[in-house]
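Participant: Below are the chains, spelled out letter by letter.
Number of protein chains: 2
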Amino acid sequence: MTYCVAIKLNAGLVFLSDSRTNAGLDQISTFRKMIVYEKPNDRFMVLLSAGNLSISQSVREILQVERLKDHEADEGTTIWNARSMFDAARVLGSAIRRVQERDGAALKASGVDFNVSLIFGGQIQGEGMRLFQVYSAGNFIEATPETPYFQVGESKYGKPVLDRVITPTTPLDEAAKCALVSMDSTLKSNLSVGLPMDLVVYEANSFQTDKVVCIDENNPYFKMLHGSWGQKLREVFDSIEDPMWHGESTNVPLMQQSTRSLPLKKITTPEEKLI
Amino acid sequence: MTYCVAIKLNAGLVFLSDSRTNAGLDQISTFRKMIVYEKPNDRFMVLLSAGNLSISQSVREILQVERLKDHEADEGTTIWNARSMFDAARVLGSAIRRVQERDGAALKASGVDFNVSLIFGGQIQGEGMRLFQVYSAGNFIEATPETPYFQVGESKYGKPVLDRVITPTTPLDEAAKCALVSMDSTLKSNLSVGLPMDLVVYEANSFQTDKVVCIDENNPYFKMLHGSWGQKLREVFDSIEDPMWHGESTNVPLMQQSTRSLPLKKITTPEEKLI
Chain P
31 MTYCVAIKLN AGLVFLSDSR TNAGLDQIST FRKMIVYEKP NDRFMVLLSA GNLSISQSVR
91 EILQVERLKD HEADEGTTIW NARSMFDAAR VLGSAIRRVQ ERDGAALKAS GVDFNVSLIF
151 GGQIQGEGMR LFQVYSAGNF IEATPETPYF QVGESKYGKP VLDRVITPTT PLDEAAKCAL
211 VSMDSTLKSN LSVGLPMDLV VYEANSFQTD KVVCIDENNP YFKMLHGSWG QKLREVFDSI
271 EDPMWHGEST NVPLMQQSTR SLPLKKITTP EEKLI
Chain B
31 MTYCVAIKLN AGLVFLSDSR TNAGLDQIST FRKMIVYEKP NDRFMVLLSA GNLSISQSVR
91 EILQVERLKD HEADEGTTIW NARSMFDAAR VLGSAIRRVQ ERDGAALKAS GVDFNVSLIF
151 GGQIQGEGMR LFQVYSAGNF IEATPETPYF QVGESKYGKP VLDRVITPTT PLDEAAKCAL
211 VSMDSTLKSN LSVGLPMDLV VYEANSFQTD KVVCIDENNP YFKMLHGSWG QKLREVFDSI
271 EDPMWHGEST NVPLMQQSTR SLPLKKITTP EEKLI
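Read top to bottom, the protein sequences are chains P and B. Quick note on numbering: the first sequence equals residues 31 to 305 in the numbering used here. Quick note on numbering: the second sequence equals residues 31 to 305 in the numbering used here.
Don't take each hint at face value.
For identical chains, the list gives no copy identity; a pair is met inside one copy or between any two copies.
Unchecked claim - Straight-line alpha carbon distances no greater than 20 Å define the calculated SDA-like cross-link-like pairs of lysine to any residue that follow:
(1) Lys253 with Asn281
(2) Lys218 with Pro300
(3) Lys138 with Phe237
(4) Lys296 with Pro201
(5) Lys69 with Thr107
(6) Lys295 with His101
(7) Lys296 with Ala234
(8) Lys69 with Gln286
(9) Lys241 with Asp133
(10) Lys241 with Glu172
(11) Lys218 with Asp246
(12) Lys253 with Ser140
Source of the hints: derived by calculation from the structure; they are not laboratory data.
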């Protein structure tokens, strides 16, 4: 599996991906899942991919040369001349459909789903930043202030902390920290997600970034974050009182049945009916 | 969906379940997923269920009358006369197979998987406590000191905190608190899991418990835990430094590329080859 997350803030964009790929438990490899497309002063785009590796590699290869034509005489839209991120996402969708046309039937005949999930975001000169999640069928959705982040792959372990922290006004480096905590929780509980990870932080209207880093177990910041988060989480956990059941303490709220709740079903003899 | 978790400690057992059931998003109901079977001074057992509600309700009904016979002349083992939790789990497996025989073919014809996941644990006079996860096929696995907890249903959101806290020596009420934090994270991020929840805490060798509570949004302890955990988690998050990229500070470890890592793939012109 994989875990990728991207966040759209007023201040910029954050992209984070792991690099573990597995075909069964006995075939685990490292493949990077992030690519940056950059034309200084014109466009800055990042693609994150999860799902079948042969499909996502083909999509990335074809995306470089894909021309989307709305009319026959059209010169064609590419990710390099698209005038909006929306159009660039359409080119990406078209590249996915191209791979589907080529490989879909053969994959289906082998019992393999056409499964790829992509996150594609960035900024093109003339409009604001945009962030899309692109599905296997080439259709896509766009992040909004209400839902400012997308995840693909093993998304559940790391979702609670994103839900607690991220809003459009979250500062850029704080969001990067949040993405790393989200990844840390995922690494903790799921073997199919693994280091190194790639992190890109993009500042709005800069059309380039030097905040690009590959993080392995020796990265000083991630080592600190991993250790501090685990230890402080434990301290917070310990600082919350254990439940008290029978009024042993007056300081701790009681673990008390609400008067409106029905009692739990308890069966005490073999003959007792369940319902 | 559902979220249930059960933990086996040296000191006892903790069981926690939510009560949301949904058949599509427009058909959400409340069904309790926990049943206690108790014969004072003889046996104490708890069953938690996830999966297809019609199957789990049938299993629970049949479990009351199921007799497992290893020989024809056998009187038959029931959950009420089983001499070990292992045998009681076998009776449960047999009840699942009974439902499969009755309903499996018709469900399959309607395109419905025979999907049920159960957690079954407790103690029978004469042996220690035991905890099992029981699958749709009626087979089961048992918790061990290395893996002292089982989850069924929407298990991923709440797994990291269990992995961080639970060991066999964790005190009983602390484990109950951990299960509630695990549930709180799940409630936060998944609509298909909902209040009220049922919590049972069982002390080893007691063969009964009065620590049984149905927790809704008015429960004083859960209200405190929910508020404190969210707020303190946020404080911990804020207390960890944001990443520093270019040595602005000497106190914070730098977000620095490891010298052994390969640089991220960056494509800067349409002509550039991907590989």
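Participant: Any of the earlier hints contradicted here, and which numbers?
Facilitator: 2, 3, 4, 6, 8, 9, 10 and 12
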